[in-house]
Amino acid sequence: MAVIEVRNLNKWYGDFHVLQNIDETVEKGEVLVICGPSGSGKSTFIRCINRLEEFQKGSVHFCGKDIHARDVDVNSLRAEIGIVFQQFNLYPHLTVLKNVILAPTKVRKTPKGEAEDLALMLLERVGIQNQAHKYPAELSGGQQQRVAIARALAMRPQVMLFDEPTSALDPEMINEVLNVMKDLAREGMTMLCVTHEMGFAREVADRVIFMDGGQKIEEAPPHEFFSNPKSERTQLFLKEIL
Amino acid sequence: MNYQFDWDLVLHGEYAEWIVDGLIVTLKISAISIVLSMLLGTIIAVFRMTKVKPLVWFSAAFTEFFRNTPLLVQIFFWYFGSSTILPKFVNQWLAHHDFEFAAGTIALTVYTAAFIAEEIRSGIFSIPKTQLEASRAVGLSFTQAYVYVILPQAFRIIIPPLISQSLNLIKNSSLVMTIGVADLTYMARQIESYTFHGFEAFTVATVIYLCISLLVSLIITQYNKHFLRKIVY
Ligand SMILES: Nc1ncnc2c1ncn2[C@@H]1O[C@H](COP(=O)(O)OP(=O)(O)OP(=O)(O)O)[C@@H](O)[C@H]1O
Ligand SMILES: [Mg+2]
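Protein chains in written order, with this note's numbering: chain A, 9 to 250; chain B, 96 to 328.
Hints listed in this document are in silico derivations from the structure and should not be mistaken for laboratory results.
Each hint should be verified, as a subset may be incorrect.
[Claimed, not checked] Below, a list of computed lysine to aspartate or glutamate pairs in the EDC-like style, where the Cα atoms sit at most 16 Å apart:
hint, chain 1, residue 1, chain 2, residue 2
1, B, K146, A, E62
2, B, K224, A, E61
3, B, K123, B, E195
4, A, K190, A, E172
5, A, K142, A, E124
6, A, K73, A, E13
Since this is a predicted model, take the numbers as computed values, not measurements.
Construct the complete structure from the given sequences, taking the supplied hints into account.
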């Protein structure tokens with residue numbers, strides 16, 4: 009069963025048709041990279057999957073279940089879907105450790121000790137176990153983004169969404185975050201990543217899709233996508249960013 | 096002028112005890128009302144942030160109504176009018192307890208909560224919207240997001256206005272003497288009518304109000320400095 013199944017997704021902001029007839033199926037363990045120019049609807053698309061955005065037409069199924077079904081609780085749905093934002097959005101008044109254990113202890117009611125053990129393990133996995141008791145503002149951007157990834161992973165999600173996780177970072181910090189994401193991909197995490205890091209796409213993506221003007225213009229495995237893009241718009245876009 | 100100052104009269108003996116009794120009542124009614132008005136103010140402010148229309152309207156009406164009518168009128172309202180609107184068992188309970196104190200506490204709480212709600216709301220507005228989004232995205236409910244993420248940040252920002260609201264409440268508490276709560280002002284007035292030494296009595300009362308205010312601001316400022324770190328986004 010597909011983890012994510014998007015069928016004929018359409019969304020409007022007033023008269024503006026921001027997402028047009030998007031179909032997409034993501035299987036367990038797949039890594040999907042979404043790219044496209046600014047304003048093409050990439051963020052809006054992935055935010056529809058965990059209902060941070062609502063849409064007017066079409067459907068999204070998560071593990072076979074319509075996310076808008078009556079018996080789907082939006083909070084339980086979101087607990088299963090991790091998301092990492094461009095601007096990290098850590099809780100500035102809490103230490104790194106508390107940032108990571110907040111949702112597990114409050115949403116999943118995991119006992120504090122157990123949640124902390126898991127948090128420390130995750131922080132080690134993203135390479136910042138020594139910073140557990142610092143506050144977000146005391147960390148570099150790259151470190152903050154790795155905490156944000158650990159925070160999302162602490163809920164043991166079925167799928168991870170990434171919305172340009174490296175575009176707010178200084179160049180020298182991009183790789184530390186990409187490496188964590190590559191590890192995740194290799195460990196079999198299902199991932200939807202909005203990113204323009206084409207090296208990352210080449211290395212770990214199963215498929216790359218190109219969006220423009222609210223439409224999915226092109227979709228292909230990375231080697232094909234980069235070596236032989238079919239649409240003219242994709243060719244132009246790739247020329248600009250590569 | 097043949098007024099004989101007699102400071103001893105209010106600083107020692109029975110009248111000094113009256114002052115102390117009054118001070119205790121003032122501290123008690125202020126402390127209880129400050130705590131309750133913070134709680135009520137928080138609830139009212141958060142109601143306003145929901146998407147539930149009736150809650151939004153209730154909260155807006157509450158703040159407008161109680162901020163824009165005189166406190167003294169509100170005190171009389173709760174004192175003379177509450178028996179008509181409160182449920183019977185509450186009235187019965189009140190009749191056997193200190194009704195004046197309760198009416199005064201309700202009046203001060205509700206009045207101050209309306210101001211505090213507005214402060215908290217402006218605190219909430221100053222927090223990036225992405226904080227709520229990041230909280231909801233991991234599965235926290237609206238209430239959990241506010242309790243654990245939004246409000247703790249909002250409160251740090253609005254400590255200074257909350258101090259001044261608390262100080263206002265302490266000063267405003269002197270109005271409850273009008274319904275017979277034996278607070279500091281009431282006791283000073285009593286001493287005046289027994290001894291005709293109103294000048295001494297009210298001077299002492301004034302100095303005590305000033306000291307309480309200074310102490311409260313000092314405590315909160317120190318707390319702020321030592322226990323709350325600056326938030327950087
Ligand atoms: N709340 C909103 N109301 C109206 N229009 C919006 C709103 N949010 C986004 N848009 C518009 O929808 C379009 C798609 O936005 P979206 O953020 O999904 O683009 P994006 O592909 O993620 O772009 P970027 O690379 O800049 O992040 C943009 O033109 C944007 O201006
Ligand atoms: Mg975007």
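Hint numbers not upheld by this structure, sorted from lowest to highest: Of the numbered hints, all hold.
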